[in-house]
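Q: Sequence:
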Amino acid sequence: MSHWVVERSIDVDTVDATLPKQVPAEIWGYARAFLLIERLSARFVWRADSEWLDVQLVLESSERVLVRVSTTEMPRGVTARELDVLTLVALGLTNAGIAERLGTSARTVSSQLERLLEKLGQSSRGGLAAIAVDLGLLRLPLPGGPPEEGGIAVAQLELASHRRLDRSQPGIRADVSARVPIRLGVIVPDGAGSDSDQVRNGALLAIDEINQLGGIGGRTIEVFQERVDIFDWSSVEAGLQRIFDSDVDAIITSYVSAEHPQFIERIAEYGRPFLHTATFEADVLRTESEPWRYGMVFQTCASETYYGPGMLRLLGKLEAADLWRGRTRSIVSIEMPSESMHLTTPAFLDAADAQGWRVAATIGTPVGETDWPAVIEEARSHDPDVVLIANFVDRELIEFQRAFLRAPMPALVYGIYTPSIPSFTKSLGEGAHGIIWSTTTGTYDDDLGRRFRNQYRVKYGEDPGWSQAGAVYDQVRMLAAAWSSVDSRSVADVVRYLRRWPYRGVNGVYYFGETGQAPKLYPDMTSDAALGQAHLVYQIGPAGHALLDPEPFGIITDFVRPSWFGASD
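Count the sequence shown with the UniProt record's numbering and you get residues 1 to 569, in order.
It is worth saying that the hints were derived from the structure and are not from the lab. Note that the coordinates shown come from a computational prediction; the quantities given were computed from them, not determined experimentally. Virtual Cβ for every residue (Gly too), placed ideally from N, Cα, C. Take the hints with a grain of salt, since some may be wrong.
Claimed, not checked - Listed next, with one range per pair, are the computed distances between beta-carbon atoms:
#  : residue 1 : residue 2 : range
1  : A351      : R68       : 58 to 64 angstroms
2  : W501      : R68       : 55 to 61 angstroms
3  : E430      : E377      : 21 to 27 angstroms
4  : E551      : A351      : 19 to 25 angstroms
5  : G126      : G513      : 56 to 62 angstroms
6  : A25       : R115      : 32 to 38 angstroms
7  : L323      : E7        : 56 to 62 angstroms
8  : L285      : A354      : 22 to 28 angstroms
9  : P337      : V12       : 46 to 52 angstroms
10 : S9        : G461      : 29 to 35 angstroms
11 : G126      : S105      : 19 to 25 angstroms
12 : R457      : L285      : 34 to 40 angstroms
13 : E237      : E339      : 15 to 21 angstroms
As the list claims (entries may be wrong) - Keeping only pairs whose Cα atoms sit at most 20 angstroms apart, straight-line, the calculated EDC-like set for lysine to aspartate or glutamate is:
#  : residue 1 : residue 2
14 : K317      : D558
15 : K21       : D54
16 : K426      : E462
17 : K426      : D463
18 : K21       : E7
19 : K426      : E399
Work the whole structure out from these sequences, hints included.
A: Listed below in structure tokens is the structure:
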């Protein structure tokens, strides 16, 4: 006899024509009936022509059942008639009751029971019943037809398949408790403008999609949200503690951790996977230098140190294409006083100098305290070709641009990340046209990205931004991919999976390598676009955000000379 095994996950709507033909149609009928009997599992045997089939049903969710069917042999020489007797013993029937169902005598049944006791090594009919239920040595359809009432799983299954199950009566013992959900903590930053909505919405969209499909191995994802003031450590710490107290399996967020060095220490003490988009190289270096302590911390985008070189690369391409040319070859950097927004590092200054550029000034702009007209005048005094502005709070960059347009200068405005937030272009309208901006985690304008944007639009009634919503959506999906392959409670296995296997999300490819804690960035860290997130550079215009760089995603010739150049000439 050839051996075969079939496994399928089905629901009540699964079409029979799509199911394996070697499995009898009646078994698929039992599988659908199983969803009615409020059991976690059931096992029985079925006689198909000249072979026995072992059938196992496992509840995956309230709407799906995993069906496993394999060929088998009866143990220890148990015959078909003895299996009938064993099944009816498990139903609690007397010898006379069994004989009536089988059309034989009580004496014959007694002899068959004696043989079963010997073959299965039992000393009582209670032992026979127990081993029959334990090993699934129960035959369907039930010998003699459906029972008068339920009890054990196969009896309920037979009644359900014949639509005779009385669902008004509670079961003897509740056996349908849902599997313990996977718990996910989401830290939502307050004080970062409308980016808070992007973080929350992106995460919830991914979680809802996963749960609608039955979760992960029958376990749904339960979300624990904490909204914290990004600039107040006491608020952040309290939110973190509430997340810890919820015993979550992992934590995701945007860039909250970059503002508080002690944040990563608290995460290390908790010891569960933590995914963030803080673009903070110091934290990446710290986690990579001490993987035994910080190995569960993943920055799901490249660091701030790549923004400056990316800008220099774009300037070179604009000049090479004769689309724009610097006059003074000077740059003014306007920076929010945050470690993750400090771009004019010694390495960047050296790179700029090597390419014939000079950073004329770095101007600090404290959040909520900046006199933007004064900042514009200070920048103007250096006659820059480029104004580089690093600030992740959308209202701050909006105020900068308004002040800039009131007193424009013939300089490119190059922003970091913040123009990706929808409120930025909504607030400025045409005033945003001409701004160039870049991100190390941007949503691709491809099939995956467009599908995500459409799903977001359907759920929330508005478009997502071009960065954070997709980034957090991908964080959930990356964790889900790991949890689908390994135990969510095994931190070591989850971390190993995240490091080892590339994940293609709506914001590109996440590949950490065997030892990395941040993904590779294309083209800055790898020349292979299939193994890195693209360092995307856009320019805002009447048609929206035009992707300029890098190839093959962007088109540099889509660059348009900003209108304020004429106003300032």
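Q: All hints, please: hold or fail.
A: Going through the hints against the structure:
| no. | hint | in the structure |
| --- | --- | --- |
| 1 | A351 - R68: 58 to 64 angstroms | holds, 59 angstroms |
| 2 | W501 - R68: 55 to 61 angstroms | violated, 27 angstroms |
| 3 | E430 - E377: 21 to 27 angstroms | holds, 24 angstroms |
| 4 | E551 - A351: 19 to 25 angstroms | holds, 21 angstroms |
| 5 | G126 - G513: 56 to 62 angstroms | holds, 59 angstroms |
| 6 | A25 - R115: 32 to 38 angstroms | holds, 34 angstroms |
| 7 | L323 - E7: 56 to 62 angstroms | holds, 58 angstroms |
| 8 | L285 - A354: 22 to 28 angstroms | holds, 23 angstroms |
| 9 | P337 - V12: 46 to 52 angstroms | violated, 59 angstroms |
| 10 | S9 - G461: 29 to 35 angstroms | holds, 33 angstroms |
| 11 | G126 - S105: 19 to 25 angstroms | holds, 23 angstroms |
| 12 | R457 - L285: 34 to 40 angstroms | holds, 39 angstroms |
| 13 | E237 - E339: 15 to 21 angstroms | holds, 18 angstroms |
| 14 | K317 - D558 | holds, 12 angstroms |
| 15 | K21 - D54 | holds, 16 angstroms |
| 16 | K426 - E462 | holds, 12 angstroms |
| 17 | K426 - D463 | holds, 11 angstroms |
| 18 | K21 - E7 | holds, 12 angstroms |
| 19 | K426 - E399 | holds, 13 angstroms |
Violation of the numbered hints given earlier is confined to hints 2 and 9; the remaining hints are satisfied by the structure.
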